[in-house]
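Asker: Here is how the chains run, residue by residue.
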Amino acid sequence: MKSRVGVMAVMGLCTIYFLAPIWWLFVGATKNNDQFTGTAPMWFADFHLVDNIRELVTYRDGVFLRWMLNSIAYTGGAALLGTVLAAMCGYALAKYRFRGRELLFNIVLSGVLVPATALALPLFLIFSKAGAANTFWAVFLPSLVNPFGVYLARIYAAASVPEELLEAARIDGSGEVRTFFTVSTRLMFPALVTIFLFHFVAVWNNFLLPLIMLSDERLFPVTLGLYTWNTQVNQVPELRGLVIVGALLSITPLVVAFLLLQRFWRNGLGAGAVK
Amino acid sequence: MKGVSVRRLLASLIVPALFLTACSSSDSDSGSDASAAACAPSSAGPVTLTYTSWIPGIEDVVKVWNAKNPNIQVKVQTGPNGNGGTYQNFFNQLKAGNAPDLGQIEYDALPSFRVQDGLVDVGACDNVAKAKDQFIPWTWNQVSFGDAKGAWGVPQDAGPMALFYRADLFEKNGIAIPTTWDEYAAAAEKVRAAGGYITNFSQSDINQFAGLTWQAGGRWFANDGQNWTVNLTDDKTTKVADYWQNLISKKLVSTVPPWTTEWDNAYNSSSAWTWVSAVWGANSIASGAPKTAGKWRVAPMPQWTAGEKSAGNWGGSSTAVFKGSKHPYEAAQFALWLNTDQEALTLLNEKANLYPATTAGTSLPALSKGVAFYGDQKIYEVFAQASTEVAPDFTWGPTMTATYANASDGFKAAVSGKGSLTEALTAAQASTIQTLKSQAIPVKE
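Sequence order for the protein chains is E and C.
Residue numbers 0 to 274, in numbering that gives the first Met the number 0, belong to the letters of the first sequence in order.
Residue numbers 0 to 444, in numbering that gives the first Met the number 0, belong to the letters of the second sequence in order.
Do not rely on the hints blindly, as some may be mistaken.
[Stated by the list, open to error] Simulated DEER-style distance windows between Cβ atoms: (1) F46(E) - T260(C): 42 to 52 angstroms; (2) D375(C) - D50(E): 26 to 36 angstroms; (3) E261(C) - T251(E): 19 to 29 angstroms.
For the record, the hints were derived by calculation from the structure and aren't laboratory data.
Note that this is a predicted model, so its numbers are computed, not measured.
Note that CB positions come from ideal geometry on N, CA and C, so glycine has one too.
Full structure from sequences and hints, please.
Answerer: Shown next, in the form of structure tokens:
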């Protein structure tokens, strides 16, 4: 009983710690510029959220909405395709025996150790050579790769897809690709959700790559767009309010993705627990 | 400032990209014949130029040019401010060979591009060279690096400094408006006794401190055509550093981080009474401290010797043409128009609060009016005067990002009582020399 209280206290503190900045952001987004500096930061003044959002989405011909759509295209697209690629790769490494399998896996795994930031500049030079810097693809293509996803997929495929099942599918005449998509992905689904979420967050937050690659404002993801505005606050102080509201709106897709997908996630964690 | 960690990260990433040949800067004969040939129309047909700038609303200014010049169309690209990542992008793009034709570069960053040989000498274009006299002399020196003929950019805007002060509070407490730094320090005691702070000392705006030093006669960098010299600890700089250290030690100035809501609040709540800042600071106070509307006034900067007339500068940028541009002539024409045409200057001032670098620009109609936030004082007249009082011979170094970061670390320590501003500058001096050496830029110790 005592330990339960202790645990709850620690959890409570952590919750407050993580939620306080979001609360601050929400409260800040409801204020106009005068109130933002003049009133208590953690509590409401007049409620201007709707006005602020209207101002944000109409500022400079609605470029903010464009950034949001870009982010969703980069992130959603890269996370979906990237998850499929990682799943196929991890599955193949787990289920097929071929020469150099471990070597290949180790090479992929070493990719986990290389931070994305260190790759941004070389990628820029490569894309420049190909004449593809400052395009959608310059951000999209590098975002497809996810070595950690391959690792997760391999571990999970090895544990959750029984050889017997694959044998049975083969005997029934199913091709390898069909087996993968109809049988194996179902069994791997919780892992795929995890990979998707991790990948989604990683791409959404990948800031340096678009910063280096893009100079056309119409291609910016929302993170880069808001950062750009934030660096102009000294010159155009009105932008500060827009950055706050924009930051609030920009985290909503992440929150939605987590709320929708956490159900599957929990299923997955429990799946292997009782056998 | 917010950008520091990102800046650091970027700085650490670029070092490998920087190993372009380091040539010495104000070398007058380097490549002048090549650029003379370069300044001729590149083709008879229409050309399209790319121009990267983070000036808010720059598209609207460019539209005016595009409408008048069907054969030279300019396409605007944007990004974060220079130190926030755009300079790094310029360096990367120069290396990759896909830099824009034109770019916005602040005066303090221009030498680093010059040293990396990334800029076209637009002074080779006759009409640009002739425009020299239209500019306030010190701004032209920022782009010519003292060279008689060359110009590695066209000056765009300036940040002459003056003293913003709360007229109502000074009057109510019977304190005279300081005209010398001695009077300013004496006023600081009285302001503190009245419950306020005379100002907020910025722990991270090293370029503001540079402006104060500039006024006092400190010269941080010099280049003799062969070697750079670094002098962050000369007598004048030390005098300024000791002066502010004294105010900090006596707790006569507040030291909240600048450009935060806390900082806005110090002005909004009448806790900070003055700000020695650049012309663009007028807008920062107006938006950060709305409750104090009508109570501020502007006076010339306090002087080191009574009766002197000397001002500092904080900020300002140029429009430069990058090496590798296929249309340097056309690009130079645009840069010249953007920064000398009265219509363009009016728009830049209206959209982005830029303060022109031309003499004619400082008397734009928009800059001759009273400003309501300052009790209808014609504050820009004070700045126009200050602009003529800025010493023309201040040179920035080729690695200012690193110097700023180093000094800012020391300043932060100093305001929290560990070390002093002078120690911070001594440390920054050593690390700046180190940075120059590590980039193979010749430096004399």
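Asker: Of the numbered hints stated earlier in the document, which are not met by this structure?
Answerer: Violated hint: only 1; rest satisfied.
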